[in-house]
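Fit chain W to the given chain H structure using the hints.
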Amino acid sequence: MNPAIVSWLVACVPFGAEAGEAPRVRFGSKTFTESVVLGELITQLARHAGGAVRHRAELGGTQVLFNALKNGDIDAYPEYTGTINQEIFAGKNLAGTEDIRRELGTYGIGMSDPLGFSNNYVLGMRKDRAAELGVTTISDLRDHPDLVLGFSNEFLNRGDGWPSLKRTYGLPQEDVRGMQHDIAYRGVDSGAIDVIDLYSTDPEIAYYDLATLDDDRKHFPDYAAVILYRAELESRTPEVIKKVKQLAGALSEERMIELNKRAKIDRVPAGQVASDFLAERFDIQTEFTRTHWLPSLWRRTREHLGLVIKSMVPAILVAVPLGILAVKMPRAAQGILAAVGVIQTIPALALLVLLMTALQPLRRFGIETVGAPPAIVALFMYSLLPIVRNTYTGLQGIPGPVAESAAALGLPFAARLRLIELPLALPTILAGIKTAVVINVGFATLGALIGAGGYGQPILTGIRLDDTGLILQGAIPAALLALAMQALFELIERVLVPKGLRLRPER
Amino acid sequence: MLELDRVSKKYGRTDALNPTTLTIDRGKTTVLIGPSGCGKSTLLRLIVGLIRPDVGSVRLDGTEVSPDSALQLRRRMGYVIQDGGLFPHLTARGNALLMAKYLKVGAAQRASRLDELAELTRFPNDALERYPVQLSGGQRQRVSLMRALMLDPEVLLLDEPLGALDPMIRADMQSELSEIFSKLGKTVVMVTHDLAEAAFFADTIVLMRGGSVVQEGTIADLTDSPANEFVTRFISAQRAAGHDLKPTHT
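Chains as they are written, first to last, in my numbering: chain H, -19 to 487; chain W, 5 to 254.
Since no wrong hints were added, every one of them can be taken at face value.
Sample of chain W residues at the chain H side, in silico, Cβ under 10 Å:
hint: 1; residue: R49
hint: 2; residue: Q86
hint: 3; residue: G89
Keeping only pairs whose Cα atoms sit at most 35 Å apart, straight-line, the calculated DSBU-like set for lysine-lysine is:
hint: 4; chain 1: W; residue 1: K105; chain 2: W; residue 2: K32
hint: 5; chain 1: W; residue 1: K105; chain 2: H; residue 2: K308
hint: 6; chain 1: W; residue 1: K14; chain 2: W; residue 2: K32
hint: 7; chain 1: H; residue 1: K241; chain 2: H; residue 2: K107
hint: 8; chain 1: H; residue 1: K50; chain 2: H; residue 2: K222
hint: 9; chain 1: H; residue 1: K479; chain 2: W; residue 2: K105
hint: 10; chain 1: W; residue 1: K108; chain 2: H; residue 2: K479
hint: 11; chain 1: W; residue 1: K14; chain 2: H; residue 2: K308
hint: 12; chain 1: H; residue 1: K308; chain 2: W; residue 2: K108
hint: 13; chain 1: H; residue 1: K241; chain 2: H; residue 2: K225
Over 10 Å on every C-beta distance to chain W, these chain H residues come out as not near it, computed from the model:
hint: 14; residue: F12
hint: 15; residue: F69
hint: 16; residue: S119
hint: 17; residue: L127
hint: 18; residue: L151
hint: 19; residue: L193
hint: 20; residue: S215
hint: 21; residue: T271
hint: 22; residue: I289
hint: 23; residue: V293
hint: 24; residue: V333
hint: 25; residue: L342
hint: 26; residue: L460
hint: 27; residue: R474
Derived by calculation from the structure, the hints in this document are not laboratory data. Because the structure is a prediction, the values reported are computed rather than measured. Yeah, the Cβ is synthetic: ideal placement off N, Cα and C, and Gly gets one too.
Okay, chain H solo, but in the shape it has when bound (with noise of 0.2 Å):
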């Protein structure tokens, strides 16, 4: 490989991390509050065992985290024995928890024992709307085919979510809406929605006072909350790995959601729940990071600009030449403009996903596969259309008897290119990078879907905790961003762009 390539994309490994000495351990959580808390307590545990730990907070959903886990970029993160049998493992017909144990084995992968409590789904309704409707089981919801469902993504496709439900309880409902887990609950109690999916633990059932449907048919398996970990770490860091443990059995379902709520609904810090869990449980003192508002602004910046950056310099490198190629050689224009046009049409988190997996061959160079080097890589393909597009249309545009002109003065093509051609197309090629950049400030905010960090991740956790200033802390700057770089660019217009093509005629 090329060794420019390579060290561009050495230096996509993230802003944020600290040079020198790498934290030996990782931990991860999922983006959700409970998993976040639970991320906290077994990274202070293994602190005050001496390990030096990074939390990656909120990193993304199950594929994404236990794909970490399984490539080494984190050593563990909380999950759910339901979870490991129903969507990691699916179709396995895994009986019981050796066999998880097992099964996890062949991937080098550990698990610890129950935590103590479990996560369930269940269905909740507001309970006016199900008295109302004498709505106490999920067999109940037969009864009312015109119920409005609102359930969370994951919910909808997973194995054991609606689908199966739906058979199993033979529900005739059709109008049934994907939308995020924190915005379902809203949109229960306003009453545009009446079922939804719940977790067990969520504190809002009871802040909402939510009925919940009893399971009479026990679709839904246990979700048991368990620590998944690399198996290595016993060996490798065993003071470590034995302190987590200790986490066992120590969490009731009642004591959960009550840490649950103090993070979520009393807006008290994870590091602080869970600091203030352990001195209480195991009578011991840790250390959490406290973050601030204005140097966590700061590294958000740092961390969104290296986004942008490092996806808009090699995406400007590579759309130019294509752009180029695309009209000296009429016959590959049309697959070069589909190629990339197709690319745009890929969902952002599958992309996102897909390039997890894609980059697993860069990992010997010392490259992340969840975090900013996926997200840059995204951003790169999404930002080609624009500039390839414009370079296109400015280079077509050029007039006849002007781009005759050159030829006939016998200036070879690379000179006319670089003379005539592209001078001429400029504005219109700047106009096209200046709309790439602009899309590429906001389709880095969901780099944080994969743990890049960047402006998204306030939104991200904004979202979780249903804090709209936290959201604002990273709509706004992110709107700023997209600003500035507009300013950014006209101002290079206005210094590259000659003046010839600027003046109008004056008759």
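Chain W alone, transformed into the frame defined by chain H:
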């Protein structure tokens, strides 16, 4: 000087030029004339190598114009088109000097050549820093001419050089151009659809129709002994439009 040997060109299924053999003499002005689509511009573009003939060959002093030789040969030919074809992002000076700069001609030599050409084409010195959009039609043609003459080519090819100008300016430019041609003594090939203009400039007129040469000769040959009915009709049509066909220079 320039030899076209059984050259033909098709665009798709349309014959743009039927097999044509033509010799253009050194130091003479040859004018290609005919109605639109007669193949006169195609002929000029074949000479400068912008398009390749399907059959036959074009030679400049014995060297065939081919993709390999075209770049070199074009530097021995100046090419001026209807609206000037100036590069809008370069000033008048930038346009005129582009090729000389590319070929790394020394700055002093470039400057003196530009002075010389500005004087020859009567282009005002203070307009050299202007961009094409800031110039009048006549000025643009002068810049185009300077650009074509910069490297002192042996052949000057002009495709309707006065076609886009106002009638008044056009008359002035005509006499200036002919003055320039006679001063420089270059081989000139000019395309026009205007017989009066052809008569004004030409040593030899080549009248074309439907991709073929109908008659080749002086204006007197064409008026006194037309080769066929088309020549007669072409001349009378132009006369009817009020054009004076007497050659005004010799």
